[in-house]
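Q: In case you want the letters, here they are:
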Amino acid sequence: MASHLPRPKFVPVAALSCLAALLGGCAGNGNGLDANGNPIVPGSSAPAALTADFQSIQDNIFTPICTKCHIGANAPEGLQLDEAHSYALLVGVPSAEVPSVLRVKAGDPTDSYLIQKLENASGIVGAQMPFGGPYLPQSTIDVIAQWITNGAAPAAASSSSSAAMAVTATMPVDRAFVDAPVATIAVGFSQRPDASYLNGAVHLQNISAQAETVPVMVGQAEGNPATVVLTPLAPLGPGTYRITIHGGDTTALTSVAGEALSADYSFTFTVSVP
Amino acid sequence: MSKRWMRPALCWLLVSLGFAASCGYAEPYIAVQTGLKCTQCHVNPTGGGLRGPYGDVFAQTLMPASKIDTGPDLWTGDVSKFFRIGGDLRTEALATEVPHSKTVSQFMLEQVRVYLEAQVIPERLIVYVDEQVAPGGALNREAYALYWSGNHDWYVKAGQMYLPFGWRLQDQTAFVRQASGINMTTPDQGVEFGWLRGHWDAQLDVTNGTAGGTVTDSRKEFTSQVVYVESIWRTGVAANYNDKLGGSRSTYGLFAGLRTGPVSWLGEADVIDDKSLGFDQGRMLATLVEANWLITRGNNLKLTSEYLDPNRDVHSNGETRWSVVYELTPIQFAQIRAGVRYYDGIPQSDTQNTRLYFIELHGFF
Chain A
219 MASHLPRPKF VPVAALSCLA ALLGGCAGNG NGLDANGNPI VPGSSAPAAL TADFQSIQDN
279 IFTPICTKCH IGANAPEGLQ LDEAHSYALL VGVPSAEVPS VLRVKAGDPT DSYLIQKLEN
339 ASGIVGAQMP FGGPYLPQST IDVIAQWITN GAAPAAASSS SSAAMAVTAT MPVDRAFVDA
399 PVATIAVGFS QRPDASYLNG AVHLQNISAQ AETVPVMVGQ AEGNPATVVL TPLAPLGPGT
459 YRITIHGGDT TALTSVAGEA LSADYSFTFT VSVP
Chain B
6 MSKRWMRPAL CWLLVSLGFA ASCGYAEPYI AVQTGLKCTQ CHVNPTGGGL RGPYGDVFAQ
66 TLMPASKIDT GPDLWTGDVS KFFRIGGDLR TEALATEVPH SKTVSQFMLE QVRVYLEAQV
126 IPERLIVYVD EQVAPGGALN REAYALYWSG NHDWYVKAGQ MYLPFGWRLQ DQTAFVRQAS
186 GINMTTPDQG VEFGWLRGHW DAQLDVTNGT AGGTVTDSRK EFTSQVVYVE SIWRTGVAAN
246 YNDKLGGSRS TYGLFAGLRT GPVSWLGEAD VIDDKSLGFD QGRMLATLVE ANWLITRGNN
306 LKLTSEYLDP NRDVHSNGET RWSVVYELTP IQFAQIRAGV RYYDGIPQSD TQNTRLYFIE
366 LHGFF
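Protein chains in written order, with the working numbering: chain A, 219 to 492; chain B, 6 to 370.
Heads up, none of these hints are tricks.
A few chain A residues that face chain B, going by a derived Cβ cut-off under 7 Å, partial list only:
hint : residue
1    : P282
2    : N292
3    : G344
4    : G351
In short, the hints are calculated from the structure, not lab data.
All values reported here derive from a predicted model rather than from experimental measurement.
Glycine residues also receive a C-beta, built at the ideal position from the N, C-alpha and C atoms.
With the rest of the complex left out, here is chain B (with noise of 0.2 Å):
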């Protein structure tokens, strides 16, 4: 281990634990600020995508400024007993800055999902969809079988997935996800089993190893996690392996979580080596803190900084990204985030020195 690389890694990682599961387009600093396991609001036991009954009430009740009154209707997603729904859309006004370059400014829809959940067997059987229907052609991030056992203490999951690793972000462009190569962009396809009981939650995946390519080999990838969670604070660890034919990759993941007050901080450090590239440049390190500050109900002030040593055999070569995002959630399943994204790295690069100011439109169901 280089001294060169070591402090900026110790810095990060002690401000990391000293403050201190995953939770799909999600924000799992609720998690952290709720002191619940993400499967208390998400279908999903490791988190993002459709909604359970209690995260549609949390949704209508707790979390935006004020509520609409709809009388004693709450939305829960239920189409029949046995079918239920939800959706999210992102649409944005992105404004970029690159050294050098015209500022480009534009409207973009970022994405529409639909989920779809079929409770074949109330409580056992599910058959979750989760589709994302735009923009452009329709692309299927998840969809899979799971299996509960009849007290919920583990289950079974076979199809595609999401790989259970770190702090399941919303932002899919944080340096811990871009980097680690697992993010929601990237879902597998193989079984997942999952173990959860008192404090501890706990999966082993078993998949191709290709996020999403086409299948060339008998080789697999393994991702595994256990989390411990407590009301206040929670910690975990991850790793996954990833064997082909090119070259081994290796990403082993400590993250954690602490509810101060008000404020709910998440810290993530990743090492990833990867010995599929040539001249030993797969070696990298990404981590971040979080602070997310819950002003008032439905007024959150998100403060990001991250750091990223894309090959930690080069000296100088960190590059730091600090974000500023203020969400407001005015009434329920519908949300404003407005911020902006400042990339600092080698002044060589224009653009590891972009920023980035967006409004985000966030609906949700």
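Bound conformation, chain A alone (with noise of 0.2 Å):
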């Protein structure tokens, strides 16, 4: 078939250069942008250089390079790296891939499947991140590593918000269906709670059991202290669940700035046979 091709009349690569030359201009000058490519607002400063907290990683890192494929809803293996769920969807969550091995493991960057992905570390699966290179420097991966070793820390400013006491985040959504087991459930909050009100404030019940209380052990996520972390004496099986986080009164879910959950919250979710 090849071999009968007719001779080219005319050049491809002269057509290709003109479409270049035609269409080269098309790159943006970046003027008024940051490095991120959004505009800059006026009396806002440039990202500084990577440092090991969050939200120079956030700057430098994830929003530059790793929300060009991890973002939105078709983020791949479900994680999204802009600002607004980074932090929820890494420190102390499992990862998609090895479940086994969390996506930052407050601490521990060996043991964190972020850096592992980075390195292209033996016994992760699929590609070495970013996707198709360029590959970050080791110096750069060294700067969230230690971010790790150092506790993963949430950004300044959400640690020191002043937004009220409420839940931001759960894990089930609410009226979701997930498959059997489920071992862990995760409660996010505003405000750091006070751990000596967890074990009173917060309650699992199976619902298509007669609302029959669940035994739970209830902590605060390695690391991540705003984060609750429910986990059931023995994984959940096929079933309805509520969890209530109990608000409104003296009893009530209050962080360790002394603000108490101002009402009742609940959510629920299926348990279904995988």
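Fit chain to chain and form the complex, with the hints in mind.
A: See the structure below:
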């Protein structure tokens, strides 16, 4: 087939060169933008050099590099790394590819899947990140590892948030359908809860079994104390479950700053046979 | 529609259409070059992965510059009457230049994939698996059962699969594949209904919409594609809607292919509106124009020009990427690819101004 192809009547390279010349000016000149391509807000400062804190890593790594793919509803492995989601989906959360390994295990970069994927360590599933390169230099990965070694704290702005005490995220989300068994449930708060209130204010019920209370251990996520982790004594089997966090009175869940949850908060999810 | 992004968008779209079905780690330009539908060479009706008997014969006879004589025996992937196998291996030497950073060069095993097909009921019921076995641990890409109608004009597929949307390019880092979020790193689980009649191909997929992540709600992702195929040109439209609690994501694509003598052209333009992002940051535009010049048998020069507007509401933030790749297929089942990819973005971002140089060995059967 190919051997009978007619000789080219024009030179495709020349045609493509013209095409390139025609379209070559399409790249933006970056006027008025920061390093992430966002408009510079008057009075704001340019992103500082990479340091071992979450905001710096978000501004210098996750936002400009990772969100090319890890953003929105189609983010690979459900991992969204934009500023609104990244911390909650990274720290203390099992990786989708190797669920026995946390994406970020506070204090332990070696056992953090994020670092393993960036370093192309043995044991990862799939490709090294960032997908297709350019891969991060070791000095950059070392800064991320240092943030994890230091405890993987959230950004200073969020940790000092003045937002009212409220639930900000749940896993599973409200009205979710998840496969059995479910071994861990997580609830994120706008402020760090006072641990002494946890056992009395957080309840798990199997509402498909006459609202039977399910025994559960309640604690704060390692390295992420604004997130409360519920561990049922036995993994949850098929059924519909409701989590209730008590609010509104003197026994309400209260933050370390002394602010109580204003009203009861509850969410449900259904566990089914995979 | 703001005038600022209209000009580059129109310019790219017009070029795409003026010169103008998607096929996995496939080279859809081969489909345009030959005037065939993807299903002619691949087991998967939407292309990619395991080649069918015709695809295997094509790879041994019409694709390479020369053929090592194997007598009358040709590889067809048949292990038995009911089982077929295939595979792909890609390994490369890669150099990466990023401004203000040291150049990094490395050898890298990109991927080894194994394909299995069981013709449980010959020509009617197929069980198919596409497993990436390296690097790292095994990773299931596709695994589905596919039922064909008696005359192969419709099918139903159920399991885990790549979604049909635009050109299924070999390069998964192409802007149109990254920005759309629909590529061969993001298979999803669900069902696909396909309709293939005459010049027309159409698919409708209903999937979890988690791109391989944990399912956390009962909302679903809908993907549809319609392609019209003629011998020297083809065009298609695709749409995707992913309904999520945090906000929906809509993607629309227009793509086309045209053969002019020895050159096969591909064009695609995708518009993405992601309402799961704050401050209306989710409106993106990605385009691609690619020319494949078949110089002589087994020698293909690929020139690609891409554009990405990551936020239509922001001025001066466009990115382009230019690629020149030479593909030599000296013998059957072996290909050497050498190329450069030149990223051009805003000067403030080093990674948007990267240069990649690579030589890749691609073995396939």
